[in-house]
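J.: Note that the protein sequences, when read in sequence, are chains A and B.
If you use this note's numbering, the first sequence closes out at 476, no skipped numbers anywhere.
If you use this note's numbering, the second sequence closes out at 147, no skipped numbers anywhere.
Quick caveat, the hints were computed from the structure, so don't treat them as lab data.
For glycine and all other residues, C-beta sits at the position ideal for the given N, C-alpha and C.
The reader is advised that the hints may include incorrect statements.
[Stated by the list, open to error] From chain A, some residues computed to sit far from chain B (all C-beta separations above 10 Å):
id : residue
1  : H15
2  : P81
3  : E143
4  : G159
5  : D193
6  : V329
7  : D358
8  : P360
9  : M390
10 : H415
11 : D418
12 : M435
13 : G437
14 : E440
15 : K460
[Said to hold, decoys possible] Under 8 Å between C-beta atoms, here's a sample of chain B residues computed to sit facing chain A:
id : residue
16 : I46
17 : P117
18 : T125
19 : E135
[As the list claims (entries may be wrong)] Okay, derived cross-link-like pairs now, SDA-like style, lysine to any residue, Cα gap no bigger than 20 Å in a straight line:
id : chain 1 : residue 1 : chain 2 : residue 2
20 : A       : K250      : B       : E68
21 : A       : K41       : B       : E81
22 : A       : K189      : B       : A77
23 : A       : K250      : B       : E128
24 : A       : K189      : B       : E81
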Amino acid sequence: MDLNLLKRRGRDEWHISPRGKMLVPGVIYATEELIRDMDEKVYEQVTNVATLPGIVQASYAMPDAHWGYGFPIGGVAAFDPDQGGVVSAGGVGFDISCGVRLLRTELTVEDISAVKELLAEALFQRIPAGVGSKGKVHLDRHEMDAMLAGGAKWAVGKGYGIHEDLEFIEERGCMAGAKPENVSEFATKRQQDEMGTLGSGNHYLEVQRVAQVFDAKAASVFGIREGDVVVSIHCGSRGLGHQIGTEFLKSMVTSAARHHIELPDRELACAPINSEVGQEYLGAMRAGINCALANRQIITHLVRQIFTDILPQATLSLLYDVSHNTCKVEEHVIDGKPTRLFVHRKGATRAFGPGHPDIPPSLRAVGQPVLIGGTMGTASYVLVGTEESMALAFGSACHGAGRSMSRHQALRQWHGRDVVKELAARGILIRSPSMRGIAEEAPGAYKDVSEVVDAADDVKLAKKVARLEPLVCVKG
Amino acid sequence: MTQSRFESMQGSWEHFPHEADIGVRGIGLTKEAAFEQAGLALTAVITEPTSVASTQALSITCEAPDDELLLVDWLNALVYEMATRKMLFSCFAVRFNNHSLYATVWGEPIEVARHQPAVEVKGATYTELSVKQDEQGRWIAQCIVDV
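When you get a sec, could you build the whole thing from the sequences and use the hints?
T.: Here it is as structure tokens:
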């Protein structure tokens, strides 16, 4: 991106002054180097979002922002329903409530070294991953509706996990306001074989080691120490969420003119919050959030079974579960006044600061855990929300590394088998049904996650707590 | 694969880059051919299209107010059929009647070991979406798909 398009307001804070139809400024949080590497499309998409009705304060981009569709990936925008604000299916994306959850294991690297291969194979064999895979949980429409209304809470009620898990999931495991009746038969049919499946692409399940602790106090509150083994699960609402996104994108595109909304890009498809389409979408999208929460809960149950079978001394407890493709109703202070806003985070993680009532009581003093997924060859990070973040971008931070290379380029540069071999030599076991998929997801195809996280830390969107490095990675 | 059926498809397809996802583009002398090739480009996101036999047929119908929305609907219909039937498609026959699309598509069930499916497509987007004729009169049908 051309730096001349931006005004620098701090080392890692860049502003786009309102022009044309922009209602608010654009703000990008990133280092100069990350900005230079960003596609010009990010600039275009940040400014387009700033034109949407009822947008409040600014259109934000996180340090991992990259060219998305409509909204940039790494985009954050909030809308006021009392000012004609909108809800956007494009601003949430196809993979509704895609997110990351992190489990402690009470094991150390030494504990698993003798059984690492066995563990990798069991996770690969028993957790459905990749195109065409099927889960073992099949729901009729009645039970599907109960799942869509109840989320992880429904899953725990069915024996997938323990009640204590719910405390450490955003929305306590159940998104309120879900309307299963707004979810089409097409969407539920697409989900019929997909409960408890990981998916493909950048989704993964990793066994990781806590390689470095940056903030001893927060790490102690989160219950992690250097050398600990943890498990990360990155996946979303599967086919059901994808179908909800598909259907409402179309209905919002075709109803935009009726709502007198001029879309600079059709992918910004949106509808007034206080409209029939807007309300229908919110009900369906919240059901999609519950589907993602239930999905990660079922996978957690499978992971626990596998660990217990191989390492009976393991106790897997949930550190936290974050979603990074959502629109949620939150209260934020605007012009000194508490205001109810619809906050869209598209490839951005909620990062509430210390003391926020939505953080579990046992973690509240330090802030919300913010889980950042990396690549299978680099690292993931645990961060913590800050006081400052609430004012910087409605309590939001980055969500991952972000691609720096297209899948096509990656495929030309790497062979899957070579990537697996190279990583095995570094002690990282990769399991996947597709060697082509491995090549497309090669670590070199992504930005440096550490640079993204350092930028978030520097701006105080969230502070670094720990660095996690992969030991085993199951890719779809 | 039924070779004659595969060969009867005219035109070509290509992918174009997008930072996070992937662009599919069908090119043909007719709009029908461009849509058929866009279908093939979609399969190529997932696997090598020549590895997919065209042994089972099914019909697809879509309707949309303009060509561009129709392309998105067509690709999304394929995504839906692939997801729910656990199939891949390698051959497409498309015809139009006003704003309606009628297609027959041929393919086979996914075999993970043989097809090595790289990634599932979540949906077709409105980004970089266009259906138009170029200066040589060729039809180009394209958009970004989310993977």
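J.: Against each hint, give a clear statement of whether it holds in the structure.
T.: Going through the hints against the structure:
no.: 1; hint: H15; in the structure: 23 Å, holds
no.: 2; hint: P81; in the structure: 25 Å, holds
no.: 3; hint: E143; in the structure: 18 Å, holds
no.: 4; hint: G159; in the structure: 27 Å, holds
no.: 5; hint: D193; in the structure: 8 Å, violated
no.: 6; hint: V329; in the structure: 25 Å, holds
no.: 7; hint: D358; in the structure: 28 Å, holds
no.: 8; hint: P360; in the structure: 31 Å, holds
no.: 9; hint: M390; in the structure: 28 Å, holds
no.: 10; hint: H415; in the structure: 12 Å, holds
no.: 11; hint: D418; in the structure: 15 Å, holds
no.: 12; hint: M435; in the structure: 6 Å, violated
no.: 13; hint: G437; in the structure: 4 Å, violated
no.: 14; hint: E440; in the structure: 6 Å, violated
no.: 15; hint: K460; in the structure: 26 Å, holds
no.: 16; hint: I46; in the structure: 6 Å, holds
no.: 17; hint: P117; in the structure: 4 Å, holds
no.: 18; hint: T125; in the structure: 4 Å, holds
no.: 19; hint: E135; in the structure: 25 Å, violated
no.: 20; hint: K250/A <-> E68/B; in the structure: 12 Å, holds
no.: 21; hint: K41/A <-> E81/B; in the structure: 32 Å, violated
no.: 22; hint: K189/A <-> A77/B; in the structure: 13 Å, holds
no.: 23; hint: K250/A <-> E128/B; in the structure: 16 Å, holds
no.: 24; hint: K189/A <-> E81/B; in the structure: 11 Å, holds
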